[in-house]
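Number of protein chains: 4
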Amino acid sequence: IKKIAVLTSGGDAPGMNAAIRAVTRSAIYFGREVVGIYYGYKGMINKNFQIMKSGDVSNIIQSGGTILKSARSKEFMTKEGREKAYQNLKEENIDALVVIGGDGTFTGARIFAQEFNFPIVGVPGTIDNDLFGTDFTVGYDTALNTIVQAVDKIRDTATAHERLFFIEVMGRDAGFLALNGGIAAGSEAVLIPEFETDMGTLETYIETGYRKNKKSSIVLVAEGDKAGGAFSIASKIEREYPQYDVRVTVLGHVQRGGSPTASDRILAGRLGVAAIEALLDDQKSVMVGIEFDEIVHVPFNKAIKNEKSVNQHLLRVLRMLSI
Amino acid sequence: IKKIAVLTSGGDAPGMNAAIRAVTRSAIYFGREVVGIYYGYKGMINKNFQIMKSGDVSNIIQSGGTILKSARSKEFMTKEGREKAYQNLKEENIDALVVIGGDGTFTGARIFAQEFNFPIVGVPGTIDNDLFGTDFTVGYDTALNTIVQAVDKIRDTATAHERLFFIEVMGRDAGFLALNGGIAAGSEAVLIPEFETDMGTLETYIETGYRKNKKSSIVLVAEGDKAGGAFSIASKIEREYPQYDVRVTVLGHVQRGGSPTASDRILAGRLGVAAIEALLDDQKSVMVGIEFDEIVHVPFNKAIKNEKSVNQHLLRVLRMLSI
Amino acid sequence: IKKIAVLTSGGDAPGMNAAIRAVTRSAIYFGREVVGIYYGYKGMINKNFQIMKSGDVSNIIQSGGTILKSARSKEFMTKEGREKAYQNLKEENIDALVVIGGDGTFTGARIFAQEFNFPIVGVPGTIDNDLFGTDFTVGYDTALNTIVQAVDKIRDTATAHERLFFIEVMGRDAGFLALNGGIAAGSEAVLIPEFETDMGTLETYIETGYRKNKKSSIVLVAEGDKAGGAFSIASKIEREYPQYDVRVTVLGHVQRGGSPTASDRILAGRLGVAAIEALLDDQKSVMVGIEFDEIVHVPFNKAIKNEKSVNQHLLRVLRMLSI
Amino acid sequence: IKKIAVLTSGGDAPGMNAAIRAVTRSAIYFGREVVGIYYGYKGMINKNFQIMKSGDVSNIIQSGGTILKSARSKEFMTKEGREKAYQNLKEENIDALVVIGGDGTFTGARIFAQEFNFPIVGVPGTIDNDLFGTDFTVGYDTALNTIVQAVDKIRDTATAHERLFFIEVMGRDAGFLALNGGIAAGSEAVLIPEFETDMGTLETYIETGYRKNKKSSIVLVAEGDKAGGAFSIASKIEREYPQYDVRVTVLGHVQRGGSPTASDRILAGRLGVAAIEALLDDQKSVMVGIEFDEIVHVPFNKAIKNEKSVNQHLLRVLRMLSI
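Chains as they are written, first to last, in our numbering: chain A, 799 to 1121; chain B, 799 to 1121; chain C, 799 to 1121; chain D, 799 to 1121.
The hints are simulated quantities; they were obtained by calculation from the structure and are not laboratory data.
The list makes no distinction among identical chains, and a pair is therefore deemed to hold if it is satisfied within one copy or across any two copies.
DSSO-like, lysine-lysine: derived pairs with alpha carbons at most 27 Å apart:
1) K882 - K1013
2) K1082 - K888
3) K872 - K1013
4) K872 - K1034
5) K800 - K888
Model the full assembly from the supplied sequences, consistent with the hints where possible.
Below is the structure:
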């Protein structure tokens, strides 16, 4: 392996730039050439390639977004598209690929790797933390802190007006952000896709809180919650309890951006190095991850398919602390 | 005047606590007693009073929200309610009142002051900056910075994906936050209630930007814009330009909270002192404000009724800088 | 165990309030009474006690510092002082104690527990992360982020002026903050107490960086580094390399304060609950900690005496990424 | 005027990039060409020139530092150096120059403009706010907020330990940062170069505070204070009052960096546009500034030489609020 390409794909996550920097510099450290591919798989097909030197990744460790851009590619879902992408890699003598992204990214990578027997290693980059086999994904810690800081601000106004706030956070299939954000923000309850939302229980919590002289309450709702998002839950509660002054905020895309936290930058640094080392150790079709503070290699297929479960102990902690 | 009461009312704004601190401490400095009224006019009717000492306002200068809480009061809109409130003030020998809030707060204050010939001075506390006679209101600078920081985050993801974002900010009747936020965040265009939104012009800007190789665009929309909010504008644009990848974020209540900026704390400090000095100088039914860095006294009636206009020169600046 | 006291002691750390909240609420959840002791062991001797209800720990999860205050106590180092403290606990029918702090705190706790056979459980609260048996201490993640944000700011000016900056961070005996902060901030090198500072190596790094056209460099120095702090190292380098434009910043006490990060709040929540559960499970003289995301119990004696080593793999990552 | 050059010089300040963007884009808006000069006057001599297009200043409005770098130039202080610089400008057909910086920058600009009858307009960029003729300089508001956020963190630990903190902030000749920062941070006293530090008065404040049951105190010291910096004042106080637990923090270079606040970005935008308009209106040897929210033109000689005084009314506010 002499020339390694790197791309970012799917929803962007804070720390992707730190990961690009780590991939680029560690590859150069080991004497390899690096090519940046812009716009993910789309750029692989359109040959949006550029040689990357150490200086090209200077001063990006602190930036959100991704300097390599991201995009969706319908063409890459076709055999022809992937064939074209493969030819482009061959023409440029690219021997291996690092992809930074989430499950969609790894699904595409797996198929491509199989079809062309091409070495690909993945770095988990998604705010949702929903990849199996790694304790954390790059971007998750930053998004969690963004949520907590936003809820801190909303709590100011919730307390001043004694209101009940429903705050919707990202996480279509996974409640990591909502559950951990809820504990960190001192919320009264969380609604997450992993558990059927029991409106009765929710009401109990809210009532208990108010009875105990809590004058304001905050409930975090994951966007993927089966009860239907913050607005729909809020209107159910409003109907039931007209005495509550209910408000809704949907945090939205602010959760994807921002300067990465220390943890996310360190994680990105370690995983970026690990991805290059994995390629040099002849690994392919694996995601590098971190488990119990050690680097692990997880087959793409496992990272995508297996379910990563939220720590149920945390739900108990949340309940104890919201009394 | 021996005993002065202070309350916050209406939508809360960052810096209200710094204003409460300044009112309390400067009154004590001049040898007066201070009474905090909780829950605004509602608390005036329900006699939610509490003596305030210097130590009671320690360590609050940096907090968002208001330690005196805020609430709406329908009862205060009736003659009976105000009569009751007045009796409560008399019973406690309260001679004067400082109210911190926006136009609703001052409207109530003006009526009360007329009916009972009671000395009231107002401190402008609202994130909207829509009070006539003061260059800035307490909370505006903080909300502006909250907006800019949020847009900075969204720009990360807008740039990574090359999207067109419509971001809705507060300001039902006033475009200060949207216009100034738009300039500070480097947005392509702003839609504000002061001007009829001309969809044609908007389209021109967006098209010009894209033609000039701008790959992402951000448009700030004031919630009071006549074209109907960010979602409605976004869907018009989407229909017209299906090639654009359009997204909407409504910033919501995060704009009301958070630790106040340096400017807001200094403003709150100066106006809090000025409010007490105005009372001691026999002023009544005035809002204290700041114009050209000097303290001014503005009759409630002028502060509420007169229209404060946005600086049109800024619109020109925005246009030049978004090329 | 019916009545449990809680105190904070030693250097304060962000998240201590979140830990106090968790201890208080989980004890109440299990039907116990809670007493807050102000000013650490000093307050135990002076009987600075106060009953804590659930509402007393509302709205503190986001605050730095400690509402229970902290202090040093020489008297507690004497047998008489501790005897007095014990009598105070007995008089108030306090059956058990949770102490939140670092090694000094646990050393005192261990002696007290032995002398009076009194059940004490410790929660690790220190920004230095230097307690054995727990992967993280409460406050460490926040301090790390504070450092990284400060270095990000300094990098702006270092880059603009092409300077070499030595930045001193906390950590008298432990290099966790400097090493992890260095990786997260993209620094060129770190000097930590765990390793003899080899000036030659340092010079090599700096020279290499400059030769490779790096125009600015940042070196993080732990205050406990054997080479003598940032100022002393900087002057050595300046003598050696007069061509460099060298600057020094000592970050100082900002590292101890600030609103805790999401991680620190969650950790504080989990450990606070775990401390109460440990007492109810008849544990004593143990620190609760977190290892591999699971709660562990570590004898005070081990937590204090055993050395926790920095992850040497991280030094390698730092080197690769600073090329 | 067809081709306009722009440079930054002297100490960097947050918002310089926003000013570069505004100068560049408004010049292009008016159909002019723009040349960026790297490394200030040094780069003018070494011909570090680069054509700037609208896209070259994309996505920099939020960055601290200066993309055009800054440097000191001894050569520019000689007639020969300036001659060489002038020849370079002529060779590239540069007709006019915008310089962004502080008094050193404008002093150089004034001499150069006189010698070669060359049109130069200045934009005030310095965190110290010490230029006469403009209410605010670009960078001041950001530095003020950086200081206030740092003091907020230190207050956490000051309160927890009941300490007396002396915090040194920038401002060699001007106390704007210390005085306004002191009010905004709720400090007990400030020491600034504009006034002889009266140790007796300082002691009175500190004693009064402690007597009144204030348990912690914060004093802001401008680096240029005649009493000799925070360390020297702290040791005087410590000798006098051994009962106080005194600490010192020197904030240092963090004050120069960071993402600019909304105010600084808007100011930079307006002044950048105004600089280009001033050149097109045949102005030379003037700094553009803002007074009472209006653009003004101030001769370099006045901006540098005349003294800008701190608002003495603010000292009174500080005293009232620190009781």
